[in-house]
Amino acid sequence: MNVDDGEIAKFSALAHKWWDKTSEFKPLHEINPLRIGFIDQHAGISGLKILDVGCGGGILSEGLAERGAEVTGIDLAEKSLKVAQLHLFESGLKVDYRKVPVEELAAAEPESYDVVTCMEMLEHVPSPASIVEACARLVKPGGWVFFSTLNRNAKAYMLAVVGAEYVLNMLPRGTHDYDKFIKPSELARMTRTVGLDTVALTGMTFNPLTQVYKLTDDTDVNYIVATRKGL
1 MNVDDGEIAK FSALAHKWWD KTSEFKPLHE INPLRIGFID QHAGISGLKI LDVGCGGGIL
61 SEGLAERGAE VTGIDLAEKS LKVAQLHLFE SGLKVDYRKV PVEELAAAEP ESYDVVTCME
121 MLEHVPSPAS IVEACARLVK PGGWVFFSTL NRNAKAYMLA VVGAEYVLNM LPRGTHDYDK
181 FIKPSELARM TRTVGLDTVA LTGMTFNPLT QVYKLTDDTD VNYIVATRKG L
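When the letters of the sequence shown are read in order and numbered with UniProt numbering, they come out as residues 1 to 231.
Hints in this document: simulated from the structure, not taken from any laboratory. Every value quoted in this text rests on a predicted model; they were computed, and no experiment measured them. Among these hints, one or two may not hold up.
[As the list claims (entries may be wrong)] When the alpha-carbon atoms are kept at most 30 Å apart in a straight line, the in silico DSS-like pairs for lysine-lysine are as follows:
hint	residue 1	residue 2
1	Lys-26	Lys-82
2	Lys-180	Lys-140
3	Lys-21	Lys-94
4	Lys-155	Lys-180
5	Lys-214	Lys-180
6	Lys-155	Lys-21
Use the sequences and the hints to build the structure in full.
This is the structure we're talking about:
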(Lines of atoms letter the chains of each structure in order from A and count residues from 1; the text may use other names and numbers.)
(Lines give C-alpha, C1' and ligand atoms only; values in the text may rest on other atoms or scores of the structure.)
Protein backbone atom coordinates (compact mmCIF):
# COMPACT_ATOMS: atom_id res chain seq x y z
CA MET A 1 0.00 0.00 0.00
CA ASN A 2 0.97 3.62 -0.51
CA VAL A 3 1.59 4.22 3.18
CA ASP A 4 4.53 5.11 5.42
CA ASP A 5 4.27 3.00 8.59
CA GLY A 6 6.36 5.53 10.45
CA GLU A 7 3.88 8.29 9.62
CA ILE A 8 0.95 6.11 10.75
CA ALA A 9 2.72 5.38 14.02
CA LYS A 10 3.49 9.06 14.52
CA PHE A 11 -0.12 10.16 14.18
CA SER A 12 -1.44 7.15 16.10
CA ALA A 13 0.67 8.16 19.09
CA LEU A 14 -1.01 11.59 19.04
CA ALA A 15 -4.52 10.37 18.21
CA HIS A 16 -6.00 11.17 21.60
CA LYS A 17 -5.09 14.84 21.11
CA TRP A 18 -6.92 15.43 17.80
CA TRP A 19 -9.72 17.46 19.39
CA ASP A 20 -7.59 19.24 22.00
CA LYS A 21 -7.36 22.73 20.50
CA THR A 22 -4.30 23.55 22.62
CA SER A 23 -2.36 20.48 21.49
CA GLU A 24 -0.09 19.79 18.55
CA PHE A 25 -3.20 19.90 16.39
CA LYS A 26 -3.95 23.52 17.26
CA PRO A 27 -2.76 24.75 13.83
CA LEU A 28 -5.22 22.44 12.06
CA HIS A 29 -8.10 23.76 14.14
CA GLU A 30 -7.09 27.33 13.41
CA ILE A 31 -6.73 26.91 9.64
CA ASN A 32 -9.88 24.81 9.34
CA PRO A 33 -12.22 27.81 8.77
CA LEU A 34 -9.86 29.02 6.03
CA ARG A 35 -9.85 25.65 4.30
CA ILE A 36 -13.61 25.28 4.51
CA GLY A 37 -14.17 28.83 3.27
CA PHE A 38 -11.88 28.18 0.29
CA ILE A 39 -13.74 24.99 -0.60
CA ASP A 40 -17.13 26.63 -0.20
CA GLN A 41 -16.09 29.60 -2.32
CA HIS A 42 -15.23 27.41 -5.30
CA ALA A 43 -17.43 24.34 -5.07
CA GLY A 44 -20.16 25.13 -2.57
CA ILE A 45 -20.59 22.62 0.25
CA SER A 46 -24.21 22.25 1.28
CA GLY A 47 -25.88 19.21 -0.21
CA LEU A 48 -22.74 17.85 -1.87
CA LYS A 49 -21.27 14.38 -1.49
CA ILE A 50 -17.71 14.94 -0.25
CA LEU A 51 -14.80 12.57 0.37
CA ASP A 52 -12.10 13.68 2.83
CA VAL A 53 -8.91 11.72 2.09
CA GLY A 54 -6.53 11.41 5.05
CA CYS A 55 -9.21 12.65 7.44
CA GLY A 56 -7.28 11.92 10.64
CA GLY A 57 -9.40 12.73 13.67
CA GLY A 58 -12.10 14.36 11.56
CA ILE A 59 -11.44 18.10 11.98
CA LEU A 60 -12.12 18.94 8.34
CA SER A 61 -14.72 16.20 7.88
CA GLU A 62 -16.88 17.56 10.69
CA GLY A 63 -16.50 21.12 9.43
CA LEU A 64 -17.78 20.05 6.02
CA ALA A 65 -20.66 18.08 7.56
CA GLU A 66 -21.58 21.10 9.66
CA ARG A 67 -21.98 23.06 6.40
CA GLY A 68 -24.52 20.52 5.15
CA ALA A 69 -22.40 18.10 3.13
CA GLU A 70 -22.74 14.31 3.05
CA VAL A 71 -19.21 13.42 4.15
CA THR A 72 -17.11 10.27 4.00
CA GLY A 73 -13.71 10.38 5.71
CA ILE A 74 -10.98 7.83 5.03
CA ASP A 75 -7.66 7.21 6.73
CA LEU A 76 -5.30 4.32 7.49
CA ALA A 77 -4.57 5.30 11.11
CA GLU A 78 -7.10 3.24 13.04
CA LYS A 79 -6.63 5.12 16.30
CA SER A 80 -7.31 8.45 14.62
CA LEU A 81 -10.48 7.05 13.03
CA LYS A 82 -11.72 5.81 16.41
CA VAL A 83 -11.21 9.29 17.85
CA ALA A 84 -13.09 10.76 14.89
CA GLN A 85 -15.98 8.34 15.35
CA LEU A 86 -16.19 9.01 19.08
CA HIS A 87 -16.23 12.77 18.56
CA LEU A 88 -19.42 12.45 16.52
CA PHE A 89 -21.24 11.63 19.76
CA GLU A 90 -20.15 15.01 21.09
CA SER A 91 -20.81 17.03 17.94
CA GLY A 92 -24.00 15.30 16.89
CA LEU A 93 -22.84 15.37 13.26
CA LYS A 94 -22.90 12.52 10.76
CA VAL A 95 -19.75 11.38 8.95
CA ASP A 96 -19.05 7.96 7.45
CA TYR A 97 -15.51 7.07 8.53
CA ARG A 98 -13.71 4.18 6.85
CA LYS A 99 -10.28 2.59 7.06
CA VAL A 100 -9.45 2.08 3.39
CA PRO A 101 -6.63 3.13 1.03
CA VAL A 102 -7.77 5.83 -1.37
CA GLU A 103 -6.51 3.79 -4.33
CA GLU A 104 -8.71 0.87 -3.26
CA LEU A 105 -11.73 3.11 -2.84
CA ALA A 106 -11.10 4.63 -6.28
CA ALA A 107 -11.26 1.16 -7.83
CA ALA A 108 -14.52 0.40 -6.02
CA GLU A 109 -16.29 3.77 -6.30
CA PRO A 110 -15.06 5.69 -9.36
CA GLU A 111 -16.69 9.05 -10.12
CA SER A 112 -18.84 8.88 -6.97
CA TYR A 113 -18.14 12.22 -5.24
CA ASP A 114 -18.93 15.84 -6.03
CA VAL A 115 -15.85 17.01 -4.11
CA VAL A 116 -12.69 15.27 -2.90
CA THR A 117 -10.39 16.91 -0.36
CA CYS A 118 -6.84 15.85 0.49
CA MET A 119 -5.37 18.25 3.02
CA GLU A 120 -1.93 18.09 4.63
CA MET A 121 -1.48 14.50 3.48
CA LEU A 122 0.55 14.40 0.27
CA GLU A 123 3.78 15.22 2.10
CA HIS A 124 3.31 12.17 4.34
CA VAL A 125 3.06 9.36 1.75
CA PRO A 126 5.65 7.54 -0.40
CA SER A 127 3.83 8.28 -3.69
CA PRO A 128 1.80 11.50 -3.73
CA ALA A 129 1.13 11.06 -7.45
CA SER A 130 -0.77 7.85 -6.70
CA ILE A 131 -2.97 9.74 -4.23
CA VAL A 132 -3.64 12.49 -6.77
CA GLU A 133 -4.60 9.94 -9.42
CA ALA A 134 -6.98 8.15 -7.05
CA CYS A 135 -8.63 11.44 -6.07
CA ALA A 136 -9.16 12.24 -9.74
CA ARG A 137 -10.79 8.86 -10.31
CA LEU A 138 -13.12 9.30 -7.35
CA VAL A 139 -14.54 12.68 -8.30
CA LYS A 140 -17.42 13.04 -10.76
CA PRO A 141 -16.88 14.78 -14.11
CA GLY A 142 -17.09 18.52 -13.42
CA GLY A 143 -16.37 17.90 -9.74
CA TRP A 144 -13.73 19.52 -7.58
CA VAL A 145 -10.58 18.18 -5.92
CA PHE A 146 -8.76 20.25 -3.31
CA PHE A 147 -5.20 19.69 -2.12
CA SER A 148 -3.09 21.47 0.47
CA THR A 149 0.55 20.78 1.20
CA LEU A 150 3.95 22.40 1.78
CA ASN A 151 6.21 24.04 -0.78
CA ARG A 152 9.83 22.90 -1.01
CA ASN A 153 12.34 25.73 -0.69
CA ALA A 154 14.64 27.29 1.89
CA LYS A 155 11.91 29.53 3.32
CA ALA A 156 9.56 26.56 3.81
CA TYR A 157 12.31 24.63 5.56
CA MET A 158 13.11 27.50 7.91
CA LEU A 159 9.47 28.27 8.78
CA ALA A 160 7.68 24.91 8.61
CA VAL A 161 10.47 22.75 10.03
CA VAL A 162 12.95 24.83 12.01
CA GLY A 163 10.50 27.52 13.08
CA ALA A 164 7.34 25.50 13.74
CA GLU A 165 9.00 22.40 15.17
CA TYR A 166 12.15 23.64 16.91
CA VAL A 167 11.71 27.34 17.72
CA LEU A 168 7.99 27.91 18.32
CA ASN A 169 7.26 24.29 19.29
CA MET A 170 3.97 24.46 17.40
CA LEU A 171 4.44 20.91 16.13
CA PRO A 172 6.28 17.84 17.44
CA ARG A 173 9.84 17.57 16.16
CA GLY A 174 9.96 15.26 13.17
CA THR A 175 6.41 16.04 12.03
CA HIS A 176 7.64 16.98 8.56
CA ASP A 177 10.25 15.52 6.22
CA TYR A 178 11.51 18.40 4.08
CA ASP A 179 12.43 16.06 1.23
CA LYS A 180 8.74 15.16 0.85
CA PHE A 181 7.58 18.75 0.43
CA ILE A 182 6.01 19.43 -2.99
CA LYS A 183 6.47 22.47 -5.19
CA PRO A 184 3.26 23.91 -6.74
CA SER A 185 4.70 23.21 -10.19
CA GLU A 186 5.20 19.55 -9.27
CA LEU A 187 1.67 19.23 -7.94
CA ALA A 188 0.35 20.97 -11.06
CA ARG A 189 2.05 18.34 -13.23
CA MET A 190 0.50 15.54 -11.17
CA THR A 191 -3.00 17.00 -11.41
CA ARG A 192 -2.73 17.88 -15.09
CA THR A 193 -1.60 14.35 -15.93
CA VAL A 194 -4.80 12.87 -14.44
CA GLY A 195 -7.21 15.34 -15.99
CA LEU A 196 -7.55 17.88 -13.19
CA ASP A 197 -7.38 21.54 -14.22
CA THR A 198 -5.96 24.01 -11.68
CA VAL A 199 -8.52 26.74 -10.99
CA ALA A 200 -6.96 28.50 -7.99
CA LEU A 201 -3.71 28.44 -6.03
CA THR A 202 -3.60 30.27 -2.71
CA GLY A 203 -1.08 30.50 0.10
CA MET A 204 -1.76 30.09 3.82
CA THR A 205 0.45 32.18 6.09
CA PHE A 206 0.93 32.47 9.84
CA ASN A 207 1.94 35.59 11.75
CA PRO A 208 3.73 34.49 14.96
CA LEU A 209 3.22 37.92 16.54
CA THR A 210 -0.56 38.11 16.07
CA GLN A 211 -1.00 34.30 16.06
CA VAL A 212 -3.26 34.69 13.03
CA TYR A 213 -3.50 32.50 9.94
CA LYS A 214 -4.81 33.91 6.67
CA LEU A 215 -5.09 33.15 2.97
CA THR A 216 -2.69 35.25 0.89
CA ASP A 217 -0.86 35.28 -2.44
CA ASP A 218 2.26 33.99 -0.66
CA THR A 219 2.59 30.31 -1.60
CA ASP A 220 6.20 29.98 -0.40
CA VAL A 221 5.33 27.72 2.54
CA ASN A 222 1.77 26.37 2.89
CA TYR A 223 -0.57 26.43 -0.08
CA ILE A 224 -4.00 25.14 -1.09
CA VAL A 225 -5.09 24.27 -4.62
CA ALA A 226 -8.54 24.02 -6.18
CA THR A 227 -8.71 21.72 -9.21
CA ARG A 228 -11.62 20.63 -11.37
CA LYS A 229 -12.21 17.51 -13.42
CA GLY A 230 -13.25 17.98 -17.03
CA LEU A 231 -16.74 17.01 -18.14
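Do the hints match the structure? See the list:
1. Lys-26 / Lys-82: Holds, at roughly 19 Å.
2. Lys-180 / Lys-140: Holds - the C-alpha atoms of Lys-140 and Lys-180 are around 29 Å apart, at most 30 Å.
3. Lys-21 / Lys-94: At roughly 21 Å apart (the allowed maximum being 30 Å), Lys-94 and Lys-21 satisfy the hint.
4. Lys-155 / Lys-180: With Cα atoms ~15 Å apart, Lys-155 and Lys-180 stay inside 30 Å; holds.
5. Lys-214 / Lys-180: 24 Å, holds
6. Lys-155 / Lys-21: 27 Å, holds
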